[in-house]
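For the record, the sequence lines run as chains A and B.
In case it helps, the numbering used here puts the first sequence at residues 1 to 103.
In case it helps, the numbering used here puts the second sequence at residues 1 to 182.
Because the hints were derived from the structure by calculation, they are not lab data.
These numbers come from a predicted model, not from an experiment.
Beta carbons: idealized from backbone N, C-alpha and C, even for Gly.
Zero decoy hints are in this set.
Label pairs and their calculated CB-CB ranges:
1. B:Lys135 <-> A:Phe90: 44 to 52 angstroms
2. B:Ser26 <-> A:Ile98: 18 to 26 angstroms
3. B:Ala14 <-> A:Phe90: 37 to 45 angstroms
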Amino acid sequence: MAVTLEHYLVVSITLFSLGMFIVMTRRNGIRMLMGVELILNSANLNLIAFNRYLPGMDASGNIFAVFVIMLAAAEAAVALAIVLAIFQQFSTIQLDEISSMKH
Amino acid sequence: MDALHSIIFYILAAIVLASAAFTAFSSNLVHAAFSLLFTFFGLACLYIQLGADFVGVSQVVVYVGGILVLLLFGVMFTGSIAGGITRQTIQTKWSAFILVVLLAVLLPIVYVTPWGVMDSPQNKELTSNVEVIGKLLLTDYLLPFEIASLLLLIALVGAVVIARGEPKAPEPSEDENETAVV
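If we strip away everything but chain B, and leave its shape as in the complex, we get:
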């Protein structure tokens, strides 16, 4: 059972990391968006493996069904498909070097820190989280819930206002006015 758990984790992690790397290094924007789709799906499966079924499903619904579709709309509307690394190569090399250093610093920290967690939470029951999240959202986390709904309303109105552009002013009809004055 443990071995099956490990195999599934390694497959999902490989899917997630390979498609994220493809998103980062691909020069075609539509290819990058579609590999991001695989990243999101792999991450949703990882969340479900960690027992977060509600978050996994809302990841698929919101990220894949909402944000990725928005990104594809943006790609199609703005029409720039082939956007390679336009900066000079030296900038890319410096960024890659800095990020490799960051990785080399963070990865040992992960293994050295005593996290104080259970080694394998397999004895912790995997129950459905929907009821627990529902209760907590309306008792302990009520204020963030209400503020988040207000923020979604603001973002909706703001996005429409920003993307609409300048409204055209109505043409003043000068001929009738001048004849009326005279």
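Bound conformation, chain A alone:
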């Protein structure tokens, strides 16, 4: 019973749904960052699975995945800097308590 492409896609889709669940329901800034990282990892798994299973591919899917990892690192750094600045300003990182720009 060989492992086919669909197995990897099922894992990727489930990871994506779990990441989406975290982003949709949690209000802690750092927890939402964890959800975003899960979503990015699911996309990476997709890319690498297709790179392996498509006939006649060079390492293009792997390079795409390397770029995604790089961008995720840059985005995590900036997002954490923003969370720290929010914490310095409001003393909380529950994102629904930060409403000073509301009417």
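We have chain A; now place chain B onto it with these hints.
For chain B alone, coordinates are given in the frame of chain A:
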């Protein structure tokens, strides 16, 4: 050989999905960060099983050694460990329902679509990808490579500027000035 491949895949997939679910449903933030560690390691092993050795190692180095450490720093600096689902239960139920619907729609699509791929690429040789990626990064993908390095520089400077906060203005010394004028 095929059976061993399947067993390893199922173990790794179970590790990845179980720790991702623990990250999603745990109410302790530090527990969630550590189960995310297991998710990243399991995913790196899955990448290596798919023949992407360079991506697997850079996943461990960048994600576990960089991003996860940053997340733990954030957790320790902001000090909010117990952050449960603060929204009302109804919002969580609606989100879970929408996501279950999404799963129920996407999973059959995966099995119905003719992907046109090889069923088992075991006949494709597993070679080291580092040389191929190195060559491609400097020939075909040179422009994204340079732009990505520029973007990393911008992100580094921007993160330092944003997290630094307001610099304190130097106190003006008024007494000496007034006596000097008078």
